[in-house]
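Asker: As a plain string of letters, each chain reads:
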Amino acid sequence: MHTPGRHGPSTLVFLLPWLLTFGIFALYPLADSFWVSFTRYNPIQGPPVFIGLDNYARLLRDPIFWTSLRNTLIFVVGTIPLTTVGALLVALALNRHLPMKALFRAAWFMPTIVSMVVISLVFKNFYSPFGFLNAILSLLGLPGHAWLQDPDTALGAIMLMDVWAAVGYYAVIFLAGLQAIPAELYEAAALDGGSGWRKHWHITLPLLRSTMLFILVINTIRSFQVFIEIFVMTRGGPLDSTLTTVYYLYDRAFNSFELGYASALAWALFAVTLGASLVYVRVLKDRGAA
Amino acid sequence: MSSRMVGARDRGHWLIVIGLSIGLVTMLLPLVWMVGTSLKAVGAGLGGLSDLLPWPVSLKNYRDILASGPFGRYFLNSAVVAIVVVAGNILFSAMVGYAFARRRFVGKGPLWWGLLATLMVPKQVTMIPIYVLTAKLHLINTYTALIAPFLVDAFNVFLMRSYIEQLPHDLEEAARVDGASEWRIFFNVVFPLTRPALAVVGINTFLVNWNNFLYPLILTNSDSMRTLPVGLALYAQGENSVSWGHLMAGSCLSTLPILVVFVIFQRHIIEGITAGAGK
Numbered sequence: 001m002h003t004p005g006r007h008g009p010s011t012l013v014f015l016l017p018w019l020l021t022f023g024i025f026a027l028y029p030l031a032d033s034f035w036v037s038f039t040r041y042n043p044i045q046g047p048p049v050f051i052g053l054d055n056y057a058r059l060l061r062d063p064i065f066w067t068s069l070r071n072t073l074i075f076v077v078g079t080i081p082l083t084t085v086g087a088l089l090v091a092l093a094l095n096r097h098l099p100m101k102a103l104f105r106a107a108w109f110m111p112t113i114v115s116m117v118v119i120s121l122v123f124k125n126f127y128s129p130f131g132f133l134n135a136i137l138s139l140l141g142l143p144g145h146a147w148l149q150d151p152d153t154a155l156g157a158i159m160l161m162d163v164w165a166a167v168g169y170y171a172v173i174f175l176a177g178l179q180a181i182p183a184e185l186y187e188a189a190a191l192d193g194g195s196g197w198r199k200h201w202h203i204t205l206p207l208l209r210s211t212m213l214f215i216l217v218i219n220t221i222r223s224f225q226v227f228i229e230i231f232v233m234t235r236g237g238p239l240d241s242t243l244t245t246v247y248y249l250y251d252r253a254f255n256s257f258e259l260g261y262a263s264a265l266a267w268a269l270f271a272v273t274l275g276a277s278l279v280y281v282r283v284l285k286d287r288g289a290a
Numbered sequence: 001m002s003s004r005m006v007g008a009r010d011r012g013h014w015l016i017v018i019g020l021s022i023g024l025v026t027m028l029l030p031l032v033w034m035v036g037t038s039l040k041a042v043g044a045g046l047g048g049l050s051d052l053l054p055w056p057v058s059l060k061n062y063r064d065i066l067a068s069g070p071f072g073r074y075f076l077n078s079a080v081v082a083i084v085v086v087a088g089n090i091l092f093s094a095m096v097g098y099a100f101a102r103r104r105f106v107g108k109g110p111l112w113w114g115l116l117a118t119l120m121v122p123k124q125v126t127m128i129p130i131y132v133l134t135a136k137l138h139l140i141n142t143y144t145a146l147i148a149p150f151l152v153d154a155f156n157v158f159l160m161r162s163y164i165e166q167l168p169h170d171l172e173e174a175a176r177v178d179g180a181s182e183w184r185i186f187f188n189v190v191f192p193l194t195r196p197a198l199a200v201v202g203i204n205t206f207l208v209n210w211n212n213f214l215y216p217l218i219l220t221n222s223d224s225m226r227t228l229p230v231g232l233a234l235y236a237q238g239e240n241s242v243s244w245g246h247l248m249a250g251s252c253l254s255t256l257p258i259l260v261v262f263v264i265f266q267r268h269i270i271e272g273i274t275a276g277a278g279k
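Sequence lines, in order, name chains A and B.
The first sequence lines up with residues 1 to 290 when you count with the numbering used here.
The second sequence lines up with residues 1 to 279 when you count with the numbering used here.
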């Protein structure tokens, strides 16, 4: 044990790289963004002008904001259960002794390392009227469709793409959780005559609770931020049917330079995201304590 | 165990293999299509199933985009940014992680909570002030703007602190008794020991940074400073003259470094992803 402060001065040097980036790229922007959300601010016209809660009042009355929030919620609520259940099934399958296991795992994981821009470009073509999906449908004798040009199907098509792209990532996390479960528990269950699905319901799921919580929280934070897909594939259209909140605030900030209003949108979305995360923690933690 | 039960179990086993195989095809099909389209001779019919296995195979799309300027430049920009950001994270996350793991200092607790809190803050909240600050400092369209915000990633510091904390103290104490300076102890004793964790940090930082989109999009506006993902996305929006062959050749080129890293370091990538789940 050495006395505290013996090598005091050099500690600052070790911390300095992070202190600088933390201050410049986290603390300052957080404080500034909060302040700017109470101002009218177009950098071309001049410095921010304090307008109190006007931006937040405008947001509550802005039908486009509500449309964007609704689309974002549909995206979150639609993709997360599919992705989570899909990832769990894939992980359960990959956790068995299988031929070519490494190949299967690598293939499922592949899409998650490819950039979302590239994935979105591929699927933009895939869903286009003369694209791959319609070609397959016509082989099966089914009619084609302009998936991304129809307000009724555009958001759903993007959501399915996202599930495709994300399943492998969460499967890998579930797989790590599964491998941490002691095999004896299953052996004991087998002796008691527990069948495959009952075994998973009574042993696997309860023991995966913390993994599940982690997956739900990070997937929720990510899904609320959906942006690249929209930017590349639809730019929010047709008829705002794929307009998500981050895309809307990007549009306000960088196409109309309404930085004050865009900041208020950012904080509103942050509050919604935080609320959703707290709900998971409540639900899954309480069960865990019982 | 009766033979009937074994039979049922075998059948379940094969159903899973078949299910996974269908999944495998679904996972790889869009990526095969991407490669197929990039290898298509210009003028060959576009669209439909023939995109998967084009014949004759042609490298013209690749020659075109490499000769036409911007793609080569995008690639260079992405490479410069990724290399500097990876190097910075390897050095700095070890330094900061070491300070949090081994040193006592004023405000350590609150600072650590501050670091963890940054993991929760979404980019959409901080991007506007960072854009304004960058513009005020006249750093739009510079490598500085593309690199500085990502030099010390909080998650990497988190990983390094956990790793360094579980290293034995003996070697550091021995070096200290021998009169080694604090810098020597860090660079010659601790840093080499953290190599396995630094591999995870380096590889995952590369993957994330190579695919980074939002900040590079708002912090650049000249074609010569775009990175690959931003360049590709904006090229696709030039509605009149989008050539899918060119676009997919660019997509393949931008995916190639990632694929190489993935094939070589798959284990490290998975370690990096699952490290967070253990919290």
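Honestly, the hints are just simulated from the structure, not real lab data.
There could be a bad hint or two in this list.
[As the list claims (entries may be wrong)] Straight-line C-alpha distance at most 25 Å; calculated SDA-like pairs for lysine to any residue:
(1) B:K136 <-> A:D251
(2) B:K123 <-> A:L73
(3) B:K123 <-> B:V106
(4) B:K123 <-> A:P99
(5) B:K123 <-> A:A183
(6) B:K123 <-> A:R70
[Claimed, not checked] Quick list of simulated restraints, FRET-style, between CB atoms:
(7) B:L116 <-> A:V279: 26 to 32 Å
(8) B:W113 <-> A:H202: 45 to 51 Å
(9) B:Y143 <-> A:I64: 42 to 48 Å
(10) A:L207 <-> B:Q237: 22 to 28 Å
(11) B:L259 <-> A:V279: 35 to 41 Å
(12) B:L53 <-> A:L207: 18 to 24 Å
(13) A:I64 <-> B:Q237: 20 to 26 Å
(14) A:H202 <-> B:A79: 34 to 40 Å
Yeah, the Cβ is synthetic: ideal placement off N, Cα and C, and Gly gets one too.
Asker: Please test the hint of 34 to 40 Å on the beta carbon pair from H202 (chain A) and A79 (chain B).
Answerer: violated, 51 Å
Asker: Check the hint pairing K123 (chain B) with A183 (chain A) against an upper bound of 25 Å on the C-alpha distance.
Answerer: violated, 41 Å
Asker: Sort out whether L73 (chain A) lies within 25 Å of K123 (chain B), counting only the CA atoms.
Answerer: holds, 18 Å
Asker: Is the Cα-Cα distance between K136 (chain B) and D251 (chain A) 25 Å or less?
Answerer: Given pair K136 (chain B), D251 (chain A) holds - Cα atoms ~21 Å apart, limit 25 Å.
Asker: 42 to 48 Å was suggested as the range; check whether the CB atoms of Y143 (chain B) and I64 (chain A) agree with it.
Answerer: With Cβ atoms ~36 Å apart, the hint is violated.
Asker: Note whether the CB distance of L259 (chain B) and V279 (chain A) lies within 35 to 41 Å or breaks it.
Answerer: holds, 38 Å
Asker: Given the hinted pair K123 (chain B) and R70 (chain A), is their alpha-carbon gap at most 25 Å?
Answerer: Roughly 20 Å between the alpha carbons, so the hint for K123 (chain B) and R70 (chain A) holds.
Asker: Go ahead and decide if the range 45 to 51 Å is satisfied by the Cβ distance of W113 (chain B) to H202 (chain A).
Answerer: About 37 Å separates the Cβ atoms of W113 (chain B) and H202 (chain A), which means 45 to 51 Å is violated.
Asker: Does the Cβ distance between L207 (chain A) and Q237 (chain B) fall inside 22 to 28 Å?
Answerer: violated, 47 Å
Asker: Measuring from beta carbon to beta carbon, are L53 (chain B) and L207 (chain A) in 18 to 24 Å?
Answerer: violated, 45 Å
Asker: Holds or violated: K123 (chain B) with V106 (chain B), Cα cutoff 25 Å?
Answerer: violated, 29 Å
Asker: Does the beta carbon distance between L116 (chain B) and V279 (chain A) stay inside 26 to 32 Å, or does it fall outside?
Answerer: violated, 20 Å
Going through the hint list in order, the structure does not satisfy hints 3, 4, 5, 7, 8, 9, 10, 12, 14.
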